[in-house]
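A.B. asks: Take a look at the letters that make up each chain.
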Amino acid sequence: MKMIIKGGIVYDPANGIFGEEMDLCIDQGRVIEQAGGEVIDARGLLVMPGGVDAHSHIAGKKVNTGRIMRPDDSRLGTEPRSGVCRPSTGYTVPNCYAMGYRYARLGYTTAFEAATPILEARHTHEELAEIPIIDKGALTLFGNNWQVMECVRDKDIPKLAAYVAWGLRSARGYGVKIVNPGGGEAWGFGANVKSHRDNVPGFDVTPAEIIRGLAEANEMLRLPHSIHIHFNNLGKPGNYTTALETLELLKDIKPGRMRQVVHVAHMQFSAYGGTSWRDFESKAPAIADYFNTHSHATMDMGQLLFGSATTMTADAPLEYGNARLTHNKWSNHDIELEESSGVVPMIYFRKMLVNAVQWAIGLELALLVRDPWKTLMTTDHPNGSPFVNYPEVITLLMSRAKREAEMATLHEQLPNRTTLPVIEREMDWTEIAIMTRAAPARILGLTDKGHLGVGADGDVSIYSIRPEDVDAARDHALVKKALSSALYTIKGGVVVAKEGRILAAPEGRTYWVDATVPDADHDRLMPEIEDKFAKYYSVQLSNYAVQDAYLPSSRVIRAGLSVEPAKSARTLAEVA
Amino acid sequence: MTESVMIKDAVCSFCGCLCDDINVEVAEGKIQRVRHACRLGSSKIMGHSRMQTPMIRKDGVLQPASFDEAYRRAAEILLAAKKPLLYGWASTSCEAQKKGVLLAEEVGGVIDTTATVCHGPSVIGIEEKGLPGATLGQVKNRADTIVFWGCNPVEAHPRHSLRYSSNSCGRFTEQGRAGRKIVVVDVRETRTAKNADKFVRIDPGCDYEVISALRMLVAGKGDVIVDTVGGALKADLAALAEMLKAARFGAVFFGLGITHSKGRYKNIDNALSLVADLNQHTKFVIMPMRGHYNVGGAGQVLAWSSGYPMSVDYARGAPYFNPGETAACDLLGRADTDAALIVAADPVSNFPRETAAALSKIPVIQIDPYENPTTLLSDVVIPCAIAGVEVEGTAYRMDGLALRLRKMVDSSLPGDEQIIAEIIKNIRELRQKAEGGA
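Protein chains in written order, with the working numbering: chain R, 11 to 586; chain B, 6 to 443.
It is worth saying that the hints were derived from the structure and are not from the lab. Since the structure is predicted, the reported quantities are computational estimates derived from the model, not experimental observations. Just so you know, not all the hints are guaranteed correct.
Lysine-lysine pairs mimicking DSSO-like chemistry, simulated, CA-CA at most 27 Å apart [stated by the list, open to error]:
1) Lys165(R) <-> Lys545(R)
2) Lys545(R) <-> Lys13(B)
3) Lys250(B) <-> Lys186(B)
4) Lys87(B) <-> Lys199(B)
5) Lys35(B) <-> Lys13(B)
6) Lys226(B) <-> Lys542(R)
7) Lys545(R) <-> Lys16(R)
8) Lys226(B) <-> Lys271(B)
9) Lys366(B) <-> Lys87(B)
10) Lys267(B) <-> Lys204(R)
11) Lys186(B) <-> Lys542(R)
12) Lys438(B) <-> Lys545(R)
13) Lys261(R) <-> Lys165(R)
14) Lys226(B) <-> Lys267(B)
15) Lys412(B) <-> Lys430(B)
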């Protein structure tokens, strides 16, 4: 099906297009030079590539646990079955259908699930397959895995790379996620690690060694994405030093592709100063300074917004702490040989100083890091806030007046704990297009996403905003309204949403990475894996890997030791 | 004579243990031998007398019919109903359950699972307090203290102890049974209790009091406790509390003895709280002993489709959940449903008598491989292939782990998923016809 989008003001920063009036043509799901067909009138309106969410919790056991333990949440946002839509439920933990429809309404066409244990990847893919419209993928957890820790202990990076490749294939995963490395294993007996230099009980390795080892294996395999890390000590006062020290561990690692060597998940939760909640303060300036002076790391904000959230993470000791702190209900789920995890509902309050400072930190990070290619706009859905609130975050970044109005409603001590009140920066549409489209695609290594060059996926969002007339800093309420419900969302050349109505619900694709390793490394690895299944796993090796049946529509990205780095990719330095 | 084929590591689709190390010998399209499975699993996989032909009740008698006739009649019944009940789902695959949710949406019905008369109270307890759990392999590798409360795995989940709990060996539990303390709390000395290091016999219906006493003892507030609680001596409970606190990794498994005795979901709420409390002293997890092999999967599928894990009412178009109002027994009890589709379940045997009687007053469609008491009052009976033996699919173990069920032999009968898809197709055709006619 052919389509031409006429006269839009296009923001396609990956291709050096910063608000130019131009026509876009799509045929057979891809952007092409010229086409006829269906005409979409976008004269004077904001046009961007479809949004890409590189870190969101949208599928799998912990998401479903959130739904099961929160019938109160499922009662929110209820919409009956209608037209092409199946029913929607939930706010922080929407049902699968609502996930697809709501992303599409925002103009997003791709979202990646941020944390899946290999053993439970089958469940994740069952849910991903039920999410309509958007393309997706799932990052695979490796940071507390026995086989990983043993390879790291033995300093055998080729064998570790073979395991990572095998694990990604087994999980049909897209990249290497590391969450509180070593801490999840310690949690197996109710403990945690207190720093990246602690020994992981029973394994004779430190979190620092796990992180470095996985980064080296990741680059040896030339995976499209870098390691994607949730730091030790996340969520604790004073944890910014852990963040900075961990980043320092990785600065000399040579990237296997032209991209970062580490992506930091939800940086906001790891940019805390103070020695306790009493003297809790923002250390966002120190973190931003590090990102401004180093080029090996990228981050996503993990912005917190006031109101209801559901915290869910593979950082199980953190969730136990959340439950004790808030006296809220607590789910925990340890995964044999691989991970732990937890889920706790949460409400963030304007008048609670800690929450207000957390809110400010996310914004400070995005505004103080000069290069928008290094900072993705996320809320760590649904940990900081559900993704439906992205327009709120975007308008906060674009309008100092909005930030000031918001701060006036917060705890009065806030200005003493954060630099946000003095930050003048107001982002423009180019920066927003980078933070929500171009940068997440580049950081994930998705070459067909996040831009509108010839050959790119025909994913486009058009908003009822005239960027040449509207002053987003002043008219932030109008901008927020327009961003909340795209005029058109086009996915693969099909109009899937128009003015908030879902017109089509095609099946999205699932991306996963198949990396090749030398046979010799694989052959050295397999006896150790077989031994673990014989002795420790509660399932048979032959029932472990996710079967083809669970990926009805998949896109395999090849990587590994015999693959040349993608030539089209540019370095961060070149872009900056 | 054709050669026999050995299918290795097949998943047993009997109970919530989902043992995945079953070897099955197949020759001439028939299962000849089953290895590694327990008696219960073996018996299911080997198979027994099956229904072969669909039946439709005419003039008060079930009479053989074609599949197409049965699909059409089922569709007519569901379309004519104002609020059909779609019940069962525990002993079939997630693929069939997904189609069931779609059917419930299409006909504006109520979909409920056998959890409602099983671990439904556990689900409500989890809604109150969350579930501090783990995969079974975590228990196998780490647990040095295991409590079985109101459950009897030796008879109901025969391979649980060897594969996952009391007698399993793992990385930090090399000594297996010898290195573990096993506790059983029950109202009678079960066979599981006979294998325990400590058996605490309590009076029927007193679980809540006993758990409360344990929570006080764990919190160091034992002085407020009377000398006997629910039939157990205070000294005995104090010793138990110390034993739990001394664990390096503790696990509680609970069964219907606590979910369906006095207190119901409150018992579970309290047990979950006890485990949360124990985590201030050591590591502890808790898990329901799910009975039917995929009752867990039914909860998962319903949750990701509707937001709720059971008793979901689609009469308003959007999912609505209110156990006490929308569970199968609630609907039948107040005659608030006018047709029922029963898939892979036998409510006539398992429901309270009055509720089962209510089923006899409305049209009933049954999809099942076997004749059972529910067949006797059904108006349409559709025999199906058995998931996990004759059809592939997905099931969720009692710890929430998804596994792929294998197909071992062919069947001439359609699977549940296919049958429900055919009924949906017929409903759409009938609707179109009605619209065209009008």
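A.B. asks: Are the Cα atoms of Lys412(B) and Lys430(B) separated by 27 Å or less?
C.D. replies: holds, 25 Å
A.B. asks: Given the proposed pairing of Lys165(R) with Lys545(R), does the C-alpha separation stay at or below 27 Å?
C.D. replies: With a Cα-Cα distance of about 24 Å, the restraint between Lys165(R) and Lys545(R) holds, given a limit of 27 Å.
A.B. asks: Measure nothing beyond the straight line between the CA atoms of Lys545(R) and Lys13(B); if it is 27 Å or shorter, mark the hint as holding.
C.D. replies: holds, 18 Å
A.B. asks: Going straight from one Cα to the other, do Lys545(R) and Lys16(R) come out at no more than 27 Å?
C.D. replies: violated, 63 Å
A.B. asks: Are the Cα atoms of Lys438(B) and Lys545(R) separated by 27 Å or less?
C.D. replies: Violated, because 60 Å separates the two Cα atoms, which is more than 27 Å.
A.B. asks: Check whether the Cα positions of Lys87(B) and Lys199(B) lie no farther apart than 27 Å.
C.D. replies: violated, 52 Å
A.B. asks: Check the hint pairing Lys366(B) with Lys87(B) against an upper bound of 27 Å on the C-alpha distance.
C.D. replies: holds, 15 Å
A.B. asks: Given the proposed pairing of Lys186(B) with Lys542(R), does the C-alpha separation stay at or below 27 Å?
C.D. replies: holds, 25 Å
A.B. asks: Mind checking the alpha carbons of Lys226(B) and Lys542(R) for me, to see if they're no more than 27 Å apart?
C.D. replies: Violated - the C-alpha atoms of Lys542(R) and Lys226(B) are around 43 Å apart, more than 27 Å.
A.B. asks: For a C-alpha distance cap of 27 Å, please report whether Lys261(R) and Lys165(R) respect it.
C.D. replies: The hint holds at about 19 Å.
A.B. asks: Does Lys271(B) lie within 27 Å of Lys226(B) when you go C-alpha to C-alpha?
C.D. replies: holds, 21 Å
A.B. asks: Does Lys226(B) pair with Lys267(B) here, judged by a C-alpha cut-off of 27 Å?
C.D. replies: holds, 25 Å
Checked against the numbered hints listed earlier, the structure breaks hints 4, 6, 7, 10, 12; every other hint is satisfied.
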